[in-house]
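2 protein chains.
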Amino acid sequence: MSNKTQILAEEGKQELFIIREFDGPRELVFRAFSEPDLLLQWMGPKEMETTIHKLNNQSHGSWRFSHKDTSGMLHTFNGVIHEVCDPERIIRTFEYEGMPFRGHVSLEFLNFENLEGERSKISIQVIYKSVEDRDGHIQSGMESGVVDSHERLDVLLKSM
Amino acid sequence: MSNKTQILAEEGKQELFIIREFDGPRELVFRAFSEPDLLLQWMGPKEMETTIHKLNNQSHGSWRFSHKDTSGMLHTFNGVIHEVCDPERIIRTFEYEGMPFRGHVSLEFLNFENLEGERSKISIQVIYKSVEDRDGHIQSGMESGVVDSHERLDVLLKSM
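Residue numbers (my numbering), protein chains in the order written: chain A, 188 to 347; chain B, 188 to 347.
Please note that a few of the clues may not be correct.
If chains are identical, the list can't say which one is meant, so a pair holds when it fits in one copy or spans any two.
Straight-line Cα separation of at most 30 Å, DSS-like style, residue types lysine-lysine; simulated pairs [as the list claims (entries may be wrong)]:
1. 191 <-> 316
2. 345 <-> 191
3. 308 <-> 233
4. 316 <-> 241
5. 200 <-> 345
6. 233 <-> 345
Since the hints were made in silico from the structure, they are not lab data.
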């Protein structure tokens with residue numbers, strides 16, 4: 188069975204959905220989304236080097252990390268974590284610090300559910316300050332970064 | 188000049204805007220939104236008693252407070268604070284803990300700007316997980332709570 192990342196963005200709405208199935212129960216996938224040493228093994232595009240500056244992975248916690256691209260440029264992101272409900276749900280904010288103006292923050296709802304046969308599905312809803320912010324995020328090439336990350340996560344899950 | 192709270196909610200969108208002018212510079216209004224001893228003097232409907240359980244008013248901070256209604260019932264809210272940019276902007280999440288299901292979190296963007304004549308305007312954009320969440324929040328009677336709060340804030344600003 189092949190697992191494929193779907194990104195659903197209805198025209199004119201200030202939200203999108205990222206859906207992906209994984210071979211492995213949600214407990215493992217949740218750990219891979221939560222523990223720094225695991226996150227470093229899959230988060231981000233293949234060709235970039237990731238650094239976790241902070242990950243206080245709990246309700247009312249916060250996070251900050253960077254990807255360094257092949258030209259050496261740092262892309263840094265940060266947010267707060269509204270809720271961690273292990274192994275079901277994470278709700279957190281997201282901001283790319285490289286935006287020309289600050290304040291373009293989105294809110295992510297990550298849901299982890301089990302499927303039959305030791306498989307699981309994650310559904311991430313992202314809500315944005317505006318339709319333009321959402322469309323800008325899509326046009327920034329987020330899809331290839333997300334697809335890359337999920338394929339690396341497939342490999343990690345096999346080894347866990 | 189009379190100051191009136193406006194709540195703008197376009198049909199079918201998962202956001203709303205709360206707009207209000209105040210007699211007083213944004214620096215004062217920002218303080219009233221930030222300092223617990225000031226917040227306690229205006230936040231919430233007139234007939235309720237407010238308790239601040241936590242207010243770590245900084246970027247990557249968090250908050251939690253309750254309103255006790257006239258029947259003694261507690262209504263508790265919490266969230267994380269993505270960014271505090273004094274005296275311009277606060278970005279924070281908001282959740283009513285009394286919802287039958289958890290996870291119905293919204294994201295608020297508060298902007299403070301100065302107007303002529305020592306006056307100021309606050310614009311709060313709230314984005315919701317769904318149109319239903321937004322409409323449910325409006326139908327819960329939030330408007331009268333917001334209007335009450337702003338009228339109490341008018342009184343506080345006069346004394347500051």
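Hints versus structure:
no. : hint        : in the structure
1   : 191 <-> 316 : both (28 Å within a copy, 25 Å between copies)
2   : 345 <-> 191 : within (16 Å within a copy, 59 Å between copies)
3   : 308 <-> 233 : within (22 Å within a copy, 46 Å between copies)
4   : 316 <-> 241 : both (25 Å within a copy, 26 Å between copies)
5   : 200 <-> 345 : neither (36 Å within a copy, 41 Å between copies)
6   : 233 <-> 345 : within (18 Å within a copy, 58 Å between copies)
Consistency note: the structure conflicts with earlier hint 5 alone.
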